[in-house]
Amino acid sequence: MVNTSGNVLVVDDDKLICNLLQDVLMRNNVSTMTALNGEEALSIINSSHSIDMVLTDVNMPGMTGLTLMQRIKGISPDLPVVVMTGFGTEQIAVKALLAGAYNFCRKPFDINEITTIVKKGLDLRRNSMREKEVIPFLKVQLHFEIPSDIGFVRSIVNHIQRECGRLGFPEDVFLMRVKLALDEALANAIKHGNKNDFSKAVGIKAEISTKKITIEITDQGSGFDISRVPDPLDPKNLLVEGGRGLLLMGLYMDSLEFNENGTKVKMTKNAQS
Amino acid sequence: MEITTRENVEISIVALNGELDNESAELLRENVEQLINEGKVNIILNFENLSYSNSAGLRELIALYKLANSKGGDLKLCCLQAQIEDLFSFTNLKKIFSIYQDENEAIASF
Chain A
0 MVNTSGNVLV VDDDKLICNL LQDVLMRNNV STMTALNGEE ALSIINSSHS IDMVLTDVNM
60 PGMTGLTLMQ RIKGISPDLP VVVMTGFGTE QIAVKALLAG AYNFCRKPFD INEITTIVKK
120 GLDLRRNSMR EKEVIPFLKV QLHFEIPSDI GFVRSIVNHI QRECGRLGFP EDVFLMRVKL
180 ALDEALANAI KHGNKNDFSK AVGIKAEIST KKITIEITDQ GSGFDISRVP DPLDPKNLLV
240 EGGRGLLLMG LYMDSLEFNE NGTKVKMTKN AQS
Chain B
0 MEITTRENVE ISIVALNGEL DNESAELLRE NVEQLINEGK VNIILNFENL SYSNSAGLRE
60 LIALYKLANS KGGDLKLCCL QAQIEDLFSF TNLKKIFSIY QDENEAIASF
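Protein sequences, first through last, are from chains A and B. Numbering that gives the first Met the number 0 numbers the first residue of the first sequence as 0 and each following residue consecutively. Numbering that gives the first Met the number 0 numbers the first residue of the second sequence as 0 and each following residue consecutively.
Don't read these hints as lab results, they were simulated from the structure. No experiment lies behind these values; they were computed from the predicted model shown. Incorrect hints may have been included.
[Said to hold, decoys possible] Cut-off 30 Å, straight-line C-alpha distance, at most; resulting in silico cross-link-like pairs (DSSO-like, lysine-lysine):
hint: 1; chain 1: A; residue 1: 72; chain 2: A; residue 2: 119
hint: 2; chain 1: A; residue 1: 235; chain 2: B; residue 2: 94
hint: 3; chain 1: B; residue 1: 93; chain 2: A; residue 2: 235
hint: 4; chain 1: B; residue 1: 39; chain 2: A; residue 2: 194
hint: 5; chain 1: B; residue 1: 94; chain 2: A; residue 2: 131
hint: 6; chain 1: B; residue 1: 39; chain 2: A; residue 2: 235
hint: 7; chain 1: A; residue 1: 210; chain 2: B; residue 2: 65
hint: 8; chain 1: B; residue 1: 94; chain 2: B; residue 2: 65
hint: 9; chain 1: B; residue 1: 65; chain 2: A; residue 2: 190
hint: 10; chain 1: B; residue 1: 93; chain 2: A; residue 2: 190
hint: 11; chain 1: B; residue 1: 65; chain 2: A; residue 2: 211
Looking at chain B on its own, in the form it has when it is part of the complex (with noise of 0.2 Å):
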């Protein structure tokens, strides 16, 4: 999986590519926790090239939803391919995220 980061003066946006499982979700949580341990807070993780993701995924995904809360700020999901919604879904996980269908729309609700 490829993560790339741009950042702007209040809100974070990670594009993820590829596949969140066992190995990229590691990789995941340390691109996140150094914007969150730089005081980053509000983050927007775009998932239109993510294409997959198990458990391990979404494992991470909450801790990292929990540790952006607890230092005020957000961490909130947009561009969910159908795959990954219905994951959602299913777990009902989308009570707990927010979730919105493009990029912009994300950025507007901080």
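With the rest of the complex left out, here is chain A (with noise of 0.2 Å):
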């Protein structure tokens, strides 16, 4: 472990078992912090980024090491967590394990055993890390064609959705304005485009990074005049039961712009707007 740097965090209301634990990994030039409680222990988390994994004990008083480790995956879902159980608590080990714990290590402590999980475990860390030091760069694109039947639309909202979270495009922005945009879109090209005929297929391409999305939709239809679509804010139209998804897409988005025939759109949105 000699090139493995990190800051492992352990946690456990016997001060014997933190010393110990701290004297094994800083003999492996693993730098360590102790906290004798889950409150302790949050607030290190807290104020501190620099926390690569955290090492708890599962039976402490107050806090469990199970509840710990709840509020650490709510703060920092990526931080590996493991769990110290005694003998004959298997079942809490998997209990932890199911509920989002890296790994597991049996009291009385195997040196040899500890010190690997608490390798393996900072590896991963310095590996996600750097994963996610790339995706500021990434450009995912995605591309469905699909028959035209609405009943697809909410799974394509929703494949999108996630790309865009994995991603980091903001979630609020997706939820409050590209998602009904893509729906209004979507619905445009399956029921007004190729009018509901399955044979027809509506293409879909979403290029997303953390900072845009790019979202163009493409139906075989005849098209249609998009200056000859009535105004839906004219008072004469209120009661116009249809025709405000066209109001919605360009509102809710920065840019639409159709294609000369109306049987493509594409739209964006930024990030920050």
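Dock chain to chain to rebuild the complex, using the hints, since each chain is given by itself in its own frame.
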């Protein structure tokens, strides 16, 4: 572990255990902090962004190790947490793993086992952090070709939403703006463009980055003249039931362009707008 | 989307829970049309738990509003979440629908 650099937070109400683990890990070139209870551990994690792994006892007075882990997942979902369980508490270990623990180790400790677990956890953390460094430079393209069935709209929206979330495109911007515009554009292509003809396809291309989402939707219909769509804001059209989809797409996205015959729409939303 | 309906002598209160989109708009129409066909023409739609609507939802609301009015009743809305309220503002539909902060206010308006 000579080349391993990382900061491990050891949480145990037994000070001797804290000191023992600190000694073992420091001899393996791992920087270590200790906390005697869950509240103290959370305070350290909240005040320092440099913790790379948490090693916590399960049975502690007050906040248990499992509760601490859940709280940590709420603050830093990717921070590996190793739970330390006593003899005969394998079921708690299983519960911890199901709840998102990176690993577990049994007390009394096998020093080799615990150093191996820590080393692997820190490697995982380091790799995960490196992968995140390139996300601002990543562009993901999704391409769907679906039959004209309105029942597919929700799934398409969910796929694109999930990819936006993975890349860190702001969730509120997606939910409050992009989702509606995408929903409207898809419904427009399926119902008005392809007239719900199942044999005609709708093409969806989405390019997503942390900063911007661009969506292009193409139908195989005969097109329409956008200038002839009635203005739904005109008082005489207020009680007309349809015709608001285009208005909402334009309002909720930063740019909206149709091709000449109205069979393709390209719309863009910036993360910071 | 889930729809639950409570009725008293004069007013039916329909609570929408979830998202109003292309698929759930049909469910709303079936529920409210049934009320109107039974002569229960004064209706309040409670949007407290409605988190989303698209234009298909708006289209259905306008159609149901017109249907209730044509039968001598009314269709009013209450408890709109901010995003839904924005939608009504942007589309000028606030000029058509009577919108109330809470259910009691909507009931008292009939």
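The hints, checked one at a time:
Restraint check for residue 72(A) and residue 119(A): satisfied, since their Cα atoms lie roughly 19 Å apart, inside the 30 Å limit. Restraint check for residue 235(A) and residue 94(B): satisfied, since their Cα atoms lie roughly 12 Å apart, inside the 30 Å limit. Simply put, residue 93(B) and residue 235(A) have alpha-carbon atoms about 15 Å apart, close enough for the 30 Å limit, and the pair holds. With a CA separation close to 35 Å, the supplied pair residue 39(B) and residue 194(A) exceeds the 30 Å bound.
With a CA separation close to 48 Å, the supplied pair residue 94(B) and residue 131(A) exceeds the 30 Å bound. The hinted pair formed by residue 39(B) and residue 235(A) meets the criterion: a straight-line CA distance of about 29 Å does not exceed 30 Å. Our distance criterion of 30 Å between C-alpha atoms is broken by residue 210(A) and residue 65(B), whose separation comes to about 43 Å. Between residue 94(B) and residue 65(B) the alpha-carbon distance is near 14 Å, which keeps this suggested pair within the 30 Å criterion.
At roughly 23 Å between alpha-carbon atoms, residue 65(B) and residue 190(A) fall within 30 Å of each other, so this suggested pair holds. In summary, the hint linking residue 93(B) to residue 190(A) is supported, as the alpha carbons are separated by about 27 Å, within the 30 Å threshold. Taking the CA atoms of residue 65(B) and residue 211(A), the gap is near 40 Å; set against the 30 Å cutoff, the hint is violated.
Against the hints set out earlier in the document, violations occur for numbers 4, 5, 7, 11.
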